Every structure is written in C-alpha cells, then in structure tokens.
Amino acid sequence: MASVDFVDVRKSFGAHAVIKGVNVHIDDGEFVILVGPSGCGKSTLLRMLAGLEHISGGEIRIGERAVNDVPPKDRDIAMVFQNYALYPHMSVADNMAFSLTLKGASKSEIETKVKPAAEILGLSHLLDRYPRQLSGGQRQRVAMGRAIVRDPQVFLFDEPLSNLDAKLRVSMRTEIKNLHQRLTTTTVYVTHDQIEAMTMADKIVVMQDGRIEQIGAPLELYDRPNNLFVAGFIGSPAMNMLHGRLDPADGQRFVTGDGIVLPLAPGHRGTPGTDLVYGARPEAIHLGGPIPMEVIVIEPTGFESQVLGRIGASNVTCVFRERLSVKPGERIDVSIDPAAVHLFDAGTGVRL
Amino acid sequence: MSVSAAPPPRATRASRGSFFERLSQSRNGLGLLFMLPAAVFLLCFLTYPLGLGAWLGFTDTMIGRPGVFIGLENYEYLFRDRVFWLSVFNTLFYTAIASILKFALGLWLAIILNENLPFKTFFRAVILLPWVVPTVLSALAFWWIYDSQFSIISWVLMQAGLISAPINFLGDPWNARLSVIAANVWRGIPFVAISLLAGLQTIPASLHEAAALDGATSWQRFRRITLPLLTPIIAVVMTFSVLFTFTDFQLIYVLTKGGPVNATHLMATLSFQRGIPGGALGEGAAIAVAMVPFLLAAILFSFFGLQRRKWQQGGSD
Ligand SMILES: Nc1ncnc2c1ncn2[C@@H]1O[C@H](COP(=O)(O)OP(=O)(O)O)[C@@H](O)[C@H]1O
Ligand SMILES: [Mg+2]
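Protein chains in written order, with our numbering: chain A, 275 to 626; chain B, 384 to 700.
Bound-form chain A, shown alone:
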C-alpha cells in the first residue's frame, strides 16, 4: 500500500489540453473517487497513474517514488476496466492467476492466493468457466478478483459499475466498499455518477474540463460546495438556484429577479449590489411559510414526496416528508431554512 500524489499534472493529446494542472494528495489506504461529467478527463488521469498514458507535465508519485518514467508493469498497480478486459481464452482461475503465472509462481502458491480471493467474491464455483460463460456481474467480480490476487500498492477502478443494471450496481457498490474496508488498499475510483461517489468515497475529487473544482469528504462537498459547479453536480435532486441580489434596503434578505423575497441567515457574506445566486437544496424547503409556490408535478415515493414547483418564474424542486394532497396547478406556501442557504457570486460562480 502507498500514498499517491499528483503534482501539477498535465496532459495534452497533440495541441488539445485535456488535464490542465491537477494537484491531489491521496493518503495511504484512502478510498478516493474522481467524479465529473463525461469527457472531463477522469479516465485520462487514472490511465496516467496506471502508466497507460504518457504524462505531459508535472509529476505523479506512488509512495515516495516518482513514476513518470516507470512502465506500467513495474508500478505495482491493479486496475479494473470498464469493459472488465478479461482474457477471453483463459478460465476464471487463469484470469485471476495471470500475474502470478507471469512471475513463475508455483502451483501451490497460485492456489493459496486465488482461492481466498475467489471465496471473498463468491467465485469459487465459477473457477473453471470462461468469461463468455459469465453474466455481467460475475465478470465484474472476476475483474476485481484479478486485482485482489495481485495485492498491489494501489487499486484503480474506471467506471466499473456502469455496465451493470441498476439493482446490481447498488449491491456492488456496497460490496466494493466492504472490500476496501477489509483490504485497506489505497483505491482510486473513477465515476460520472455522483451517488456512487457520495456513497463510497472517503474523499471525493470533483473535476470539470481537466481541472479540479473541489476536493473533500462527501458531506463536506454537500454542505459547503466551493462553487456553482460542485453545488449543482453533488446531490440529487440537484440544488435549486435562484438569481437575484441582496435587498437594497437592509441587505439582510435576498430578492429574486422577479421580486420574490427570500430569507438569509444573519452574518451572510453576500455583497450588496452584485448579481448573486441563491442556492437551496430541495430538503431545505419546508411546508408552510411566507413564500408562495405553484405546484407543477408531484412525485410521491411513499417515504417522501418530491414536488416540482414554481417560485416566481423559477422552477424549484422540493422534497417533503409530509404527504401532500394538492393537485398540479394549485398553490402552496413554503419557507426556506436560512441556515441551509448557499450564496454564490453569479459572475465567478464562487461561494461567498
């Protein structure tokens, strides 16, 4: 096991810059998730760590060792690919034992390593099968088994769950997390799915367009997003964002573009006279209060009700614990918890 450092890492394909200076420190044994929209450079960053892409600038360190010029086979890293990349001409057992076979390990040594790994993953009865004869979920496990057998310094996962159906994805999520708690190997995991990131990570790295937007623990990102991008990316349903300014009279309230007045906590850091964005998560909006809202759609899930409504001209999503008996088109009154409000500068997108 080892720590991992990215120091001002850059990557361009020809003239096209894809990674534009990334700095991350990953502690030994940490489970870090790189998350961001498709095409933001997550896979590229991961592949640079694995040694599958050349590093155009900066330095990547595994432990104390700079690995910029170390070929993949010498980096002691195991990777689970999105398409699993199982060797189709080898049985499950041979797939898992491949790295050991290459090193010339003895049969008994291979067995003592493959067997426990297969047991952990529930693959013991499949060891003689070929990849073609397995289901998607089983293939996914074999790919993980192949990584576990290696007992590497770092595990890499590149969207390992995106080829699975929704239900399997949820259970594999738990399983991977559980596995990490058991093995405590440093893990770097790439996904575009913020729910995966929130549920599994010790630390999340939010990326956009080759840059890091914010690094932090899941709830840290949720409670204190650094900017509008992170605020909108983390959390589902997404944070409501209303544009407007501070009330010019006293500066203690927020007035939307169409004149709706919204509450702010005392001591907020908004600057009078500039365009601001008022961010409120769906669960910060409660039933009953001074703000009128027109109901557009109600989606009861049993446990809670998600309501899409309109405050002034802005669409707003709320989640209520109460059961509602209103119909679309009707008006309800809501309030917003001022302590849970986020203020952003509309021009720079930065949190105030």
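Hints listed in this document are in silico derivations from the structure and should not be mistaken for laboratory results. Treat the numbers as computed from the prediction; the structure is a model and nothing was measured. Incorrect hints may appear among the rest.
Claimed, not checked - Sample of chain A residues facing chain B (criterion: CB under 8 Å; computed from the structure):
| no. | residue |
| --- | --- |
| 1 | Ala352 |
| 2 | Ala359 |
| 3 | Tyr361 |
| 4 | Leu400 |
| 5 | Tyr404 |
| 6 | Arg406 |
| 7 | Ser510 |
Unchecked claim - Here are the simulated distance ranges between beta carbons:
| no. | chain 1 | residue 1 | chain 2 | residue 2 | range |
| --- | --- | --- | --- | --- | --- |
| 8 | B | Thr585 | A | Phe287 | 19 to 27 Å |
| 9 | B | Leu475 | A | Lys381 | 36 to 44 Å |
| 10 | A | Asp476 | B | Phe506 | 45 to 53 Å |
| 11 | B | Phe687 | A | Thr575 | 27 to 35 Å |
| 12 | B | Thr430 | A | Phe287 | 57 to 65 Å |
| 13 | A | Asn297 | B | Val509 | 41 to 49 Å |
| 14 | A | Glu383 | B | Leu475 | 45 to 53 Å |
| 15 | B | Ala543 | A | Pro345 | 36 to 44 Å |
| 16 | B | Val509 | A | His399 | 47 to 55 Å |
| 17 | B | Thr600 | A | Phe287 | 22 to 30 Å |
| 18 | B | Arg410 | A | Phe287 | 50 to 58 Å |
| 19 | A | Ser380 | B | Leu561 | 54 to 62 Å |
| 20 | B | Thr585 | A | Asp483 | 32 to 40 Å |
| 21 | A | Ser380 | B | Leu429 | 53 to 61 Å |
Each residue gets a CB set at the ideal place from its N, CA and C atoms; glycine is no exception.
Starting from the structure of chain A, add chain B with the ligands where the hints point.
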C-alpha cells in the same frame, strides 16, 4: 434461429393448397429451391471436370485418341516413376518452406503495421502490391531478377565484392528450388499479412493494457495474449495459404518450366506437362488426382484446427 416459420394454423390447409403454396411455406423446400442455381453451376463447372479428370486417370487417353479403361495401370506406372516421386518431394518441400516463411514474415509485417507508425495507411496499401500484380507479370519480373547473366542480385553482390561470378539462380537444382520459393513467398505475404492484421485489430487494446499492468513484458503479451487470440484467424489463413501454394502452377511454369532436371517440378506442373505437351492425358490426370489425398489431409487438418475452441463457446456478449 430468429426466423422460424410458425406452424400453419390448421394442418389440413397445407394439403389443400396448391403445390407452390405448400412450397412457399416449407423451409426445406424453399431452401432447396434457392440452392438450385448454385448447385447446377457447381455441378457443371466443378463436379463435371473433377469427375472427368478422375475418370481420365483410369484410362489410357492420349490427345487425339479416346482411351479405354485400364484400371490402376496409370497409378502403378507412377508408383515406379522416379520423376513423379521427385515432384511429390518438391511439392511438399515447396509448400512447407514457403508456408512457414509466409506465416513468419506475414505475422511480423502485420504486427509492425498494427503499431502506430507514420504513413500507416500508405504502407498498408503498398504491401498489397505483390498480391494485385498478375502472377505472370511478377513471375516475369523474377525471371529477370534471377537471370543467369543480368540478375540484379548478382550484380549488386559483385559490385559489393562479395562474389566473383554471377549466381546461377535457376540453373542449379537447389538454387532453383530456393529461388522459386522466394518468389512464391514474396507473392503470398500480402495475403497473410493483411488477413492477420485484420485479426490483430479485433483484439481489444484493453487486454494488452490489462496484461501490461499484470506485469507482462511485450514478449509475454505476444505469447500469451496476441497469439492465442489470433489462432482462429491463423488457422483459416494458413489453410488457404497451404492450398494455394500446394497447387501453384503459374510461377513455376514461367520461371523454370519444372527444370533444371525436374528439380522444381511440382505435381501440378508435372501433371500439365505429361498431359498437354506430352499428350498423355490419362497419366496427367492421374498425377492431378494423386494431389487430392494431400489436399484432403490439409483440409482435415484445418477442419480440426478451425473448430471453435472451448473459450469461444457458450454465453453471449
Ligand atoms: N487518445 C486520445 N486522443 C485524443 N483525445 C483523447 C484521447 N483520449 C481521451 N481524449 C480526450 O480527452 C478528454 C477526456 O477524456 P476522458 O479522460 O476519457 O474523459 P472521462 O473519462 O472523464 O469521460 C475527452 O475530451 C477525450 O475526447
Ligand atoms: Mg472515462
């Protein structure tokens, strides 16, 4: 099968409908009907000449004189014929050496062309040239290259001071054998290289990446990933290559006509020489028929080589 005919709603309907109506409902009937043109074509142009050739082998037909059935006499004669056995040896030697060389060089070229080299498409097109040039034309070119006085190879070697007299490429038995093999290899490489290149491109890059992360050197990746995944294609390509080489005729006929002293006579060229210029149609046909067991053996070999391997079976993607 996704397209399976639904059973007719009532069993009685089929017997009542007209013949054509019943035919159009029947999978087998329709299948036979559609196969008919191809079958007739094959029968006329393939089976008939083949049958005729086999029959001729049992007769003493000469050009201009219809023969009579003489049983196995032709074969008994060939069995004692030293030239025939020499041609068998030549054919096997020619096929074995040329196929091995074509395979090794073709695979090597395919791997090079599969790398990211500059002007990749250009090289891929250029490599097809020997294949698209008509055989006779390239054979004529080789004829000049191997000329006993004007050979460019001899000239270059003499200029370099490596030899003092021109090499007698086609005049010496072993020189001639190796020379025709070289010409055949030159002509056959593109087919092997391009087919194997197509095969290489079906191997996902992620397998190589996974193997590299698992600690494989580039030789180990070739040996344990590329080669096993390429075997199905190799089996097809080499079967065809062996069949083409075994039945080769044009190159030999232009370059050496089987000489010197029959050293490069293949079974195909000997069969032609005995049958047409020599006039002994029956004997020529018998030599041609004698090729069949060898070809069948090659086909059987590839049949087992081509069987789906265990890892290719079961499941879907
Ligand atoms: N081999 C390549 N050549 C050129 N551009 C590439 C290559 N690989 C990735 N890119 C570009 O780099 C960007 C980031 O890709 P990637 O890291 O795969 O994104 P992500 O995994 O976050 O979806 C994309 O714009 C993609 O088009
Ligand atoms: Mg990706």
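Now the hints, each set against the structure:
1. Ala352: holds, 7 Å
2. Ala359: holds, 4 Å
3. Tyr361: Nearest chain B Cβ about 6 Å off; hint holds.
4. Leu400: This hint is violated: Leu400 of chain A lies away from chain B, its Cβ roughly 12 Å from the closest one there, beyond 8 Å.
5. Tyr404: holds, 4 Å
6. Arg406: holds, 4 Å
7. Ser510: Check failed: Cβ of Ser510 of chain A comes no nearer than 30 Å to chain B, outside 8 Å.
8. B:Thr585 <-> A:Phe287: 19 to 27 Å: holds, 25 Å
9. B:Leu475 <-> A:Lys381: 36 to 44 Å: holds, 42 Å
10. A:Asp476 <-> B:Phe506: 45 to 53 Å: holds, 50 Å
11. B:Phe687 <-> A:Thr575: 27 to 35 Å: Violated, at about 60 Å.
12. B:Thr430 <-> A:Phe287: 57 to 65 Å: For Phe287 of chain A against Thr430 of chain B, whose Cβ atoms are near 58 Å apart, the range 57 to 65 Å holds.
13. A:Asn297 <-> B:Val509: 41 to 49 Å: Check passed, 48 Å falls within 41 to 49 Å.
14. A:Glu383 <-> B:Leu475: 45 to 53 Å: holds, 47 Å
15. B:Ala543 <-> A:Pro345: 36 to 44 Å: holds, 41 Å
16. B:Val509 <-> A:His399: 47 to 55 Å: With Cβ atoms ~53 Å apart, the hint holds.
17. B:Thr600 <-> A:Phe287: 22 to 30 Å: holds, 27 Å
18. B:Arg410 <-> A:Phe287: 50 to 58 Å: holds, 53 Å
19. A:Ser380 <-> B:Leu561: 54 to 62 Å: violated, 47 Å
20. B:Thr585 <-> A:Asp483: 32 to 40 Å: holds, 34 Å
21. A:Ser380 <-> B:Leu429: 53 to 61 Å: Once the Cβ atoms are compared, 57 Å apart, the range 53 to 61 Å for Leu429 of chain B and Ser380 of chain A holds.
Of the numbered hints listed earlier, those contradicted by the structure are 4, 7, 11 and 19.
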